[in-house]
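Sequence order for the protein chains is A and B. When you read off a place in the first sequence, starting at 1, and then add 5, the result is the number in this note's numbering. When you read off a place in the second sequence, starting at 1, and then add 7, the result is the number in this note's numbering.
I should point out that these hints are in silico values taken from the structure, not numbers from a laboratory. No experiment lies behind these values; they were computed from the predicted model shown. A portion of the hints provided could be inaccurate.
[Stated by the list, open to error] Straight-line distance between alpha carbons at most 27 Å, and here's what the computed DSS-like set of lysine-lysine pairs gives:
{"no.": "1", "chain 1": "B", "residue 1": "K18", "chain 2": "A", "residue 2": "K42"}
{"no.": "2", "chain 1": "A", "residue 1": "K42", "chain 2": "B", "residue 2": "K64"}
{"no.": "3", "chain 1": "A", "residue 1": "K63", "chain 2": "A", "residue 2": "K42"}
{"no.": "4", "chain 1": "A", "residue 1": "K62", "chain 2": "B", "residue 2": "K64"}
{"no.": "5", "chain 1": "A", "residue 1": "K62", "chain 2": "B", "residue 2": "K18"}
{"no.": "6", "chain 1": "A", "residue 1": "K76", "chain 2": "A", "residue 2": "K118"}
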Amino acid sequence: GENVEQHPSTLSVQEGDSAVIKCTYSDSASNYFPWYKQELGKGPQLIIDIRSNVGEKKDQRIAVTLNKTAKHFSLHITETQPEDSAVYFCAARRRSGNTGKLIFGQGTTLQVKP
Amino acid sequence: GAGVSQSPSNKVTEKGKDVELRCDPISGHTALYWYRQSLGQGLEFLIYFQGNSAPDKSGLPSDRFSAERTGGSVSTLTIQRTQQEDSAVYLCASSGTSLAISYNEQFFGPGTRLTVL
Chain A
6 GENVEQHPST
16 LSVQEGDSAV
26 IKCTYSDSAS
36 NYFPWYKQEL
46 GKGPQLIIDI
56 RSNVGEKKDQ
66 RIAVTLNKTA
76 KHFSLHITET
86 QPEDSAVYFC
96 AARRRSGNTG
106 KLIFGQGTTL
116 QVKP
Chain B
8 GAGVSQSPSN
18 KVTEKGKDVE
28 LRCDPISGHT
38 ALYWYRQSLG
48 QGLEFLIYFQ
58 GNSAPDKSGL
68 PSDRFSAERT
78 GGSVSTLTIQ
88 RTQQEDSAVY
98 LCASSGTSLA
108 ISYNEQFFGP
118 GTRLTVL
């Protein structure tokens, strides 16, 4: 069945360092890969997404890369700041049909130490 | 403008009781989703409504779970005869409609934290 594996489960970095979170998906029909940030007591918020026809996308300090052959995609955060501390989720959505459901990874708790 | 809202924010119930969770999507959004987030886990898809189409119920864990969406707007998730393993945060999301449904961003509400004693 559809599955998304996310690593690491926790990540601690020093302020200013980079953070990388990796995900692997199983469904080769997946064509859309969003990343969500969830702060304590709040719902997830989209921070960046990538479609299967693109290999990389960047938005200021955040970038996402996609390797369709290996079915891997990664989130890169540069120059981390304490306010980046949160739980990050990757997700995948398949192309076919009209279902919009997302398959989520298990989440990564990022701690940025001042 | 207003985002997705959910009520109640917290719900404590006794095992065996029924509960109803409410979701108000963003005005004009035709798609509505329910997810469940257990402690320290990712989000698990439950059900998806899109316009007047038949809902995708493939994620509902048992027949104790059901959901309705009245008038294409507000949705209610009902859990009958609650069990302790139903304790989780229930998240609702909505998205708009475009030609490329697959790419529509899902906007999440703050969730309802359900505790079954």
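Evaluated hints:
no., hint, verdict
1, B:K18 / A:K42, "holds (24 Å)"
2, A:K42 / B:K64, "holds (26 Å)"
3, A:K63 / A:K42, "holds (16 Å)"
4, A:K62 / B:K64, "violated (33 Å)"
5, A:K62 / B:K18, "violated (40 Å)"
6, A:K76 / A:K118, "violated (31 Å)"
Of the hints listed earlier, those the structure fails to meet are numbers 4, 5 and 6, in rising order.
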